[in-house]
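Undergrad: If you read the sequences in order, they're chains A and B. Last residue of the first sequence? That's 401 in the working numbering, and every number before it is there in order. Last residue of the second sequence? That's 486 in the working numbering, and every number before it is there in order.
Hints listed in this document are in silico derivations from the structure and should not be mistaken for laboratory results. Model, not experiment: these values are computed from the prediction. Some clues are possibly wrong.
As the list claims (entries may be wrong) - Pairs of lysine to aspartate or glutamate, EDC-like flavour, derived with a Cα cap of 20 Å:
no., chain 1, residue 1, chain 2, residue 2
1, B, LYS398, A, ASP148
2, B, LYS401, A, ASP237
3, A, LYS194, A, GLU267
4, A, LYS77, B, GLU356
5, B, LYS401, A, ASP112
6, B, LYS111, B, GLU78
7, B, LYS398, A, GLU156
8, A, LYS194, A, ASP126
9, B, LYS401, A, GLU111
10, B, LYS398, A, ASP159
11, A, LYS77, A, GLU111
12, B, LYS398, B, ASP409
13, B, LYS398, B, GLU356
14, B, LYS401, A, GLU267
15, B, LYS401, A, GLU156
16, B, LYS63, B, GLU313
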Amino acid sequence: MSRFLERITGKARPPRPASDAKAAAAAGRQPGTGPAKDGSSNRTIQPAEYGLPLRTELRTDRSVDDPALDAAVLAAKAGNWQPVGALMWEAGRDWERRYLYTWIFGALAAEDARWLQAWRQAHPQDGAAAAIEASSLVQLAWKIRTGDVSSKVSREQWDGFFRVLRQVPEHCREAAALSPEDPTPWVVLLGAAKGLQWGNDEFRALWAEVVARDPHHVLAHISAQSYWLPRWYGSTDLVLEFTEQAIAAAPVGSLLSLLRLDLLNRELRPEDSKLRPAFWSGEQVRWAIDEALIDLAAADPANVRINAMRSWLAVFLVRTERWAEAVEQFRAIGRMVAFEPWSYSTDGTALFTQQRATAVLGWEAAGRPAVPPPARHRSAPAGSYFDLTTPNPDAEPVTGR
Amino acid sequence: MGFGLLALLLAIDYLVLNSDDPSPRLVVYALGFSAVAGVPILRGIFFTRGNRMRKPPGVPVTKAQQPVLWQRVEILAEAMGTRPPKEIWMTADVNAAVHEESWLMGLIPGKRRMLLGAPLLIGLTPAQFDAVVGHELGHYSNQDTRLAGLVQRGRESMMNTLRAFRGGNNLSRVLFGLYKGYAERYLRTTQAISREQERAADLAAVRIAGRDNVASALRQIPALDAGFDFYLGHYAASASKLGLLPHTDEFIGGFRHLLADPERNEELDAIRRSLPKRKTTPYDSHPPMDERVAAIEALPEDGRGRDSGSAMEFLHLPAPLFGAVARSAWKPENNSKQQVDWATLLHAAGRAHALEQAGPLLSAASAVSGGSPTLMQVLEVVDRGGLAALCGRLPEPKIAKGTTGRLRDEHLRTDFGKRLRSLVEVTVADAGRGGWPLSWSHSHHFEIRTELLPEGFADRLQPAVEAVVAGRPSTGQLRELVRQLS
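With the sequences and hints as input, model every part of the structure.
TA: Have a look at this one:
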């Protein structure tokens with residue numbers, strides 16, 4: 001967790017997040033008697049004073065606030081598939097939402113698939129159920145493999161991982177045949193293709209199936225972007241090309257510019273932590289944040305991925321000490337924190353509250369500045385990673401120009 | 001105790017090497033560990049036991065039988081300024097040692113005897129052989145062998161006592177406290193002597209064989225030790241339970257094939273390159289191997305370089321000699337076993353290994369259905385919805401322990417799939433369409449005789465097996481492939 005914090009915050013020693021009880025005790029009160037507070041033990045905030053939800057109100061189990069979804073999950077756990085079927089039917093052609101639900105129910109089915117089998121038997125032609133089954137296999141394969149680094153995965157775990165993953169393409173093709181317009185089965189297959197070590201050409205053919213059905217599917221892009229990372233089956237050049245082409249092809253408001261923030265954080269930041277402050281305060285990071293803010297402002301507020309964009313922005317705005325804008329994002333995020341980047345951490349809530357407290361305290365210390373006017377769209381800074389007309393600067397990132 | 005430790009190390013190796021890997025590699029990490037820890041233990045055993053034993057293990061090698069070997073040893077002894085041994089015995093292990101049957105606690109010199117392990121002759125170059133023999137003769141020239149036996153025996157029994165007391169009850173802990181101080185003092189004092197003897201012997205060897213050959217010999221010994229264990233387990237003794245052995249001359253001599261294999265050589269290189277650092281105790285008789293090698297490699301360049309070839313060139317008719325060594329080392333029951341060529345032996349070993357894997361699956365199918373224990377019966381049971389029932393009757397795989405739900409189901413199916421694969425391999429082999437061919441790079445490696453089968457058979461085999469244990473089990477593909485066998 002602390003290593004993750006370091007990665008996400010860029011700080012070598014993040015302030016230690018304290019539990020409510022600890023924070024209360026530090027302030028000389030009995031645990032549980034004072035209002036819930038966030039932040040490190042000596043720097044705390046009262047979330048309610050800033051119109052922010054209390055720590056106890058945060059939800060880390062779901063990324064969208066949707067009572068129908070909660071009800072369907074409960075029903076599935078009780079063995080009843082009908083509310084799930086109804087929810088999927090309501091999601092209709094909102095492909096992003098449909099994939100999100102498919103993933104959530106796929107995770108449930110990876111634990112216990114009896115409700116899903118009943119659904120499949122009752123309606124063998126239901127493409128939504130078939131896609132959920134395929135997604136459950138992908139997630140089951142990863143449970144078998146475990147999230148450990150590959151050198152710690154045992155031979156038996158690898159055998160099971162590949163054996164289960166090899167069943168996924170057939171299930172995806174079956175689901176795709178049942179609902180030919182739906183990109184969901186193809187997006188599920190993206191995740192399996194990475195695990196199955198598909199070659200670049202095969203992967204590109206699969207990608208063509210995805211974008212033919214939904215050209216700007218955010219989760220599909222996140223999944224494919226990771227395939228193109230140097231650590232998987234791509235390179236820095238290939239992943240930059242993929243990212244910038246996707247963003248350029250999409251209308252403003254697609255939220256795809258969050259790909260850039262993810263990439264800066266995962267891949268482009270310097271290995272050497274001493275170089276990082278200059279990197280984060282550099283021009284290309286400022287530009288990437290500005291572009292993402294423009295994208296967010298034009299997005300549909302009902303987009304299920306909107307909190308992911310806000311969360312990425314919040315982390316980047318805290319990192320670059322743009323306090324007013326950071327606090328604005330935390331206000332908008334509200335209480336649903338089951339998103340990357342928070343979900344990358346084993347204790348997403350602690351990461352979230354710690355980042356949120358830092359934002360609010362920074363904003364207070366700066367004298368509660370107003371949110372600056374939005375930047376205007378610009379092209380990528382010349383010579384930066386994102387300026388594809390020049391060779392990428394690789395280990396020598398553009399800093400503070 | 002030494003034997004106990006050795007047995008433990010071999011047991012660890014055995015576990016690592018028998019983890020159902022269809023083609024066991026010379027598992028470098030595990031073997032590297034036991035090899036380095038194992039060398040001093042082996043030596044320890046021979047040192048103490050050898051001194052007490054009137055007849056050492058192995059066969060005596062006379063000057064008339066092996067003039068070149070004797071001449072080499074005599075030249076080395078002369079170069080070291082010491083008398084050559086009275087006897088040379090060839091043994092069946094990775095070991096070289098000198099014994100002296102001294103009298104009156106070492107005051108009166110006795111008969112010197114040299115033990116040479118046949119695998120060393122196979123795996124060392126001539127100059128590396130000089131280095132090893134030079135090291136052993138270095139003990140003579142430093143006049144340390146006569147008392148060394150006594151010192152070593154004392155050390156050994158004190159170590160045993162210390163180990164026996166450790167982890168005892170309260171009373172023994174009190175007694176241990178009384179003894180411990182004395183024992184530790186003795187061990188520390190003699191340990192310095194013991195280690196100093198080793199260092200002096202190393203330097204003596206460098207004078208004879210040259211720096212690089214001594215260093216490479218020290219690196220080679222753990223590699224040979226690991227390699228020879230592996231060779232015995234996966235080749236020479238792999239079908240012994242089935243009553244099959246390689247020809248006597250090949251039982252030890254076959255080790256040269258493994259050493260000549262480029263892929264195996266790469267694995268052994270990993271051991272040679274990185275001598276794993278061993279935790280040392282103040283009681284070790286030898287300095288850690290990495291320290292010894294580092295000390296030798298730090299000596300100035302002597303321009304002698306490294307040689308190549310095999311010390312087997314010192315032997316007249318090595319094959320029958322190795323055969324005689326093998327017969328002297330193995331238990332009497334091996335004399336009645338059938339001797340076959342390598343290809344026959346490894347096919348039989350591969351088949352037995354696969355059948356062992358498949359055994360529980362066959363029994364489960366028979367128990368569930370009441371039918372005969374055959375592949376077809378297994379598929380019948382699966383077709384009748386009995387996959388879970390079969391899985392439940394197999395020994396629980398380690399990976400499934402403590403798991404529940406679908407995760408557990410999949411772990412059980414993965415294990416089922418591996419056993420089914422083995423059963424299919426036996427079926428294919430028994431139809432004369434495949435087997436476990438002789439390969440020094442891969443052992444227990446099944447190969448399909450594609451030229452005798454319809455195109456694509458080999459590629460369809462694993463998917464067909466996996467279809468049987470898929471979410472919706474299907475036996476059709478596998479049945480079709482089995483039909484193509486007849």
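Undergrad: None of the hints should be skipped; say for each whether it holds.
TA: Hints, verified against the model:
1. B/LYS398 to A/ASP148: The hint holds at about 18 Å.
2. B/LYS401 to A/ASP237: 44 Å, violated
3. A/LYS194 to A/GLU267: 17 Å, holds
4. A/LYS77 to B/GLU356: 41 Å, violated
5. B/LYS401 to A/ASP112: Roughly 18 Å separates the two Cα atoms, so the pair holds.
6. B/LYS111 to B/GLU78: OK: B/LYS111 and B/GLU78 at ~17 Å, within 20 Å.
7. B/LYS398 to A/GLU156: 9 Å, holds
8. A/LYS194 to A/ASP126: 26 Å, violated
9. B/LYS401 to A/GLU111: 17 Å, holds
10. B/LYS398 to A/ASP159: 14 Å, holds
11. A/LYS77 to A/GLU111: Within the cut-off at roughly 10 Å; holds.
12. B/LYS398 to B/ASP409: Measuring from Cα to Cα gives roughly 13 Å; hence the hint holds.
13. B/LYS398 to B/GLU356: Judged against 20 Å, a Cα distance of about 17 Å means the pair holds.
14. B/LYS401 to A/GLU267: 38 Å, violated
15. B/LYS401 to A/GLU156: 13 Å, holds
16. B/LYS63 to B/GLU313: Holds, at about 16 Å.
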